[in-house]
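In this note's numbering, the protein residues as written are 3 to 681.
Check each hint, because a few of them may be wrong.
As the list claims (entries may be wrong) - Okay, derived cross-link-like pairs now, DSBU-like style, lysine-lysine, Cα gap no bigger than 35 Å in a straight line:
| hint | residue 1 | residue 2 |
| --- | --- | --- |
| 1 | Lys401 | Lys384 |
| 2 | Lys528 | Lys494 |
| 3 | Lys549 | Lys334 |
| 4 | Lys193 | Lys175 |
Said to hold, decoys possible - Using C-beta positions, here's what the derived DEER-type ranges look like:
| hint | residue 1 | residue 2 | range |
| --- | --- | --- | --- |
| 5 | Asp115 | His589 | 16 to 26 Å |
| 6 | His589 | Asp203 | 47 to 57 Å |
| 7 | Gln332 | Leu312 | 41 to 51 Å |
| 8 | Arg366 | Glu403 | 47 to 57 Å |
| 9 | Ser310 | Glu160 | 47 to 57 Å |
No wet-lab data here; the hints were simulated from the structure.
Every residue gets a Cβ at the ideal spot worked out from N, C-alpha and C, and that includes glycine.
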Amino acid sequence: EEDFEIIDKKQLPDAAELRNEEKAKPEDARWSAPILSLAKKASENLALSYGSALRSASLVGLVSKPGSSDGPAKTNTRCHTMEERANLMNMMKLSIKILIQSALSLGRTLDSDFPPLQQFFVVLEHCLKHGLKVKKTFIGQNKSFFGPLELVEKLCPEASDIATSVKNLPELKTAVGRGRAWLYLALMQKKLADYLKVLLDHKHLLSEFYEPDALMMEEEGAVIVGLLVGLNVIDANLCLKGEDLDSQVGVIDFSLYLKETQDSDGKQDGGITAVLDQKHYVEELNRHLSCTVADLQNKIDCLEKTNSKLQEELAAATDRIGSLQEEQQQLKQQNELIRERSEKSVEVTKEDTKVELDTYKQSRQGLDEMYSDVWKQLKEEKKIRLELEKELELQIGMKTEMEIAMKLLEKDTHEKQDTLVALRQQLEEVKAINLQMFHKSQNAECSLQQKTEAISSFEGKTNEMMASMKQMEERLQQAEKARQAAEERCNKMKQELAGRLDSCRQQMAQLDSKCSTLEKELKSEKEQRQTLQKELHQEKDATTLLKTELQQMEGLKKELRKLQDEKQQLKKVHEEQEQALQEMGLHLSQSKLKMEDIKEVNKALKGHTWLKDDEATHCKQCKKEFSISRRKHHCRNCGDIFCNTCSSNELALPSYPKPVRVCDSCHTLLLQQCSSNSS
Numbered sequence: 003e004e005d006f007e008i009i010d011k012k013q014l015p016d017a018a019e020l021r022n023e024e025k026a027k028p029e030d031a032r033w034s035a036p037i038l039s040l041a042k043k044a045s046e047n048l049a050l051s052y053g054s055a056l057r058s059a060s061l062v063g064l065v066s067k068p069g070s071s072d073g074p075a076k077t078n079t080r081c082h083t084m085e086e087r088a089n090l091m092n093m094m095k096l097s098i099k100i101l102i103q104s105a106l107s108l109g110r111t112l113d114s115d116f117p118p119l120q121q122f123f124v125v126l127e128h129c130l131k132h133g134l135k136v137k138k139t140f141i142g143q144n145k146s147f148f149g150p151l152e153l154v155e156k157l158c159p160e161a162s163d164i165a166t167s168v169k170n171l172p173e174l175k176t177a178v179g180r181g182r183a184w185l186y187l188a189l190m191q192k193k194l195a196d197y198l199k200v201l202l203d204h205k206h207l208l209s210e211f212y213e214p215d216a217l218m219m220e221e222e223g224a225v226i227v228g229l230l231v232g233l234n235v236i237d238a239n240l241c242l243k244g245e246d247l248d249s250q251v252g253v254i255d256f257s258l259y260l261k262e263t264q265d266s267d268g269k270q271d272g273g274i275t276a277v278l279d280q281k282h283y284v285e286e287l288n289r290h291l292s293c294t295v296a297d298l299q300n301k302i303d304c305l306e307k308t309n310s311k312l313q314e315e316l317a318a319a320t321d322r323i324g325s326l327q328e329e330q331q332q333l334k335q336q337n338e339l340i341r342e343r344s345e346k347s348v349e350v351t352k353e354d355t356k357v358e359l360d361t362y363k364q365s366r367q368g369l370d371e372m373y374s375d376v377w378k379q380l381k382e383e384k385k386i387r388l389e390l391e392k393e394l395e396l397q398i399g400m401k402t403e404m405e406i407a408m409k410l411l412e413k414d415t416h417e418k419q420d421t422l423v424a425l426r427q428q429l430e431e432v433k434a435i436n437l438q439m440f441h442k443s444q445n446a447e448c449s450l451q452q453k454t455e456a457i458s459s460f461e462g463k464t465n466e467m468m469a470s471m472k473q474m475e476e477r478l479q480q481a482e483k484a485r486q487a488a489e490e491r492c493n494k495m496k497q498e499l500a501g502r503l504d505s506c507r508q509q510m511a512q513l514d515s516k517c518s519t520l521e522k523e524l525k526s527e528k529e530q531r532q533t534l535q536k537e538l539h540q541e542k543d544a545t546t547l548l549k550t551e552l553q554q555m556e557g558l559k560k561e562l563r564k565l566q567d568e569k570q571q572l573k574k575v576h577e578e579q580e581q582a583l584q585e586m587g588l589h590l591s592q593s594k595l596k597m598e599d600i601k602e603v604n605k606a607l608k609g610h611t612w613l614k615d616d617e618a619t620h621c622k623q624c625k626k627e628f629s630i631s632r633r634k635h636h637c638r639n640c641g642d643i644f645c646n647t648c649s650s651n652e653l654a655l656p657s658y659p660k661p662v663r664v665c666d667s668c669h670t671l672l673l674q675q676c677s678s679n680s681s
């Protein structure tokens, strides 16, 4: 089901006019370049199938009778698909021929506004769409010819630039628009035939996108690719940024092909063929109108289905409202029960916490007194312990002094013993001298007498020495006695110190035992205190839980209010939906009556276009210039721009469900049509 442009019979050229135009044209015999000569030969070869393509396209492939509005999957047979392929190939030949001829006659680069170029892309799009498989997705069914064109990037690395530039265009949002942009860029690169040939060489990949009897899967596809080679002669400069490729409608304009053939034998039958072509074109228009009627009937069926769905949703909404009301009542009862329980539990917990706080305060006072007494005892015992430690330090100092004194006495005794040894040696020497002197006295008795005085003196000296020796011995005995007494004193001091140390150790052990007991008592008190603190924390947690329950109660109250608000909103929605259903019923009843009106309005408003904001500087009706205070407003019927005073009316149009802004002229025209229809 394709959309075709509606053309009046007056716009169709007569056979005489076509002959005059062909006579006025210059002959195509002055081509200089060899490329242009090849293009001329190709166009002459394509002209042979000119008449047959028009007849076949109008009779079989592109024109279907009004009675055949069923689905294509049921009615199309193998013979029908073969005829469609042949018709599409013939139309492709005609479009390529006319495009080459018109481009060579102009002798310049072609723009996107060139009609033969536009028709060529439309026919090529029909060829690529023939036999496409419908892919089902989550969104819906998708049928686009951009899928097979994406394979060219994988098969031919040179086409990667086209794919990237198409993907980077922000204006393209649909796969159809991307496919059209891809075809534009491939034609500008003069590699359209090469890329399609690469696709046809890999038909096993095309089988994923096309049916087995599609045009691209059969021999006709190779023929079309061969015909596209002739387009390398043409230079095209197409701008993609300003065009809306997504919403363009692929319309085949047969007025370009309704010309007389160049065969010398068919000059007499030119008028007959033109009349037949006009007849077939009118039949095509009738078929298109029947298709639009079928589409409108399908839309009416869809609206009836949506109406039934809305009624079911209304019934479900009413059931849900009833269930929500029941749940609301149950929640109210549960809230009352929870409130009573929470109030009772709060009172009980308050009383328990008061009693426990009193007991805790009393026990804490007793513990504080015990703690102060124990702390005083500890301080006193610490003082006693410090005094004992000081006494121990003094005794240890005395002991060290005694040991130093003993060492000094020992040194004195050793010195005195050395002096005694020296004195004994002197005595022995004196004895030896006495012996010598005795011997000498015996030997010389004469000398004795002379020296008796010396001997007596010596004897006196010896006596003095003996007395001194006796004194020294007495001193030694006294020193030994003093040493023994000092040793006895040291032993006594050691014994006394050992006894004091034992007593101090016993006292220290007693103090340690008392400290351990006190520490145990402190630990027990700390444990009791910790248990009391835990109980306090538990009570605090219980109070916080009660507070949270109270907050939850408040939240439940808020939820109840919200549910009540939602209930009111649902009631409002229910009423609005009922009103909408009534309006939909009215629209459905009126839509059948307005089918013919819609057709007439579409015919009357076919040439209207939506004017851009930049193109209008003055109001179309009052001719006043637009400014900040006088703003622009589009008429939703004709598409022109007016000021607020000239477009303050609102009417319901067939393409808009709600009343929209309409200019004064369209408002009067539509009111006249409505009054004529109602009468």
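- Taking the numbered hints from earlier one at a time, note which ones the structure violates and give those numbers from smallest to largest. The structure conflicts with hints 2, 5, 7, although it agrees with all the remaining ones.
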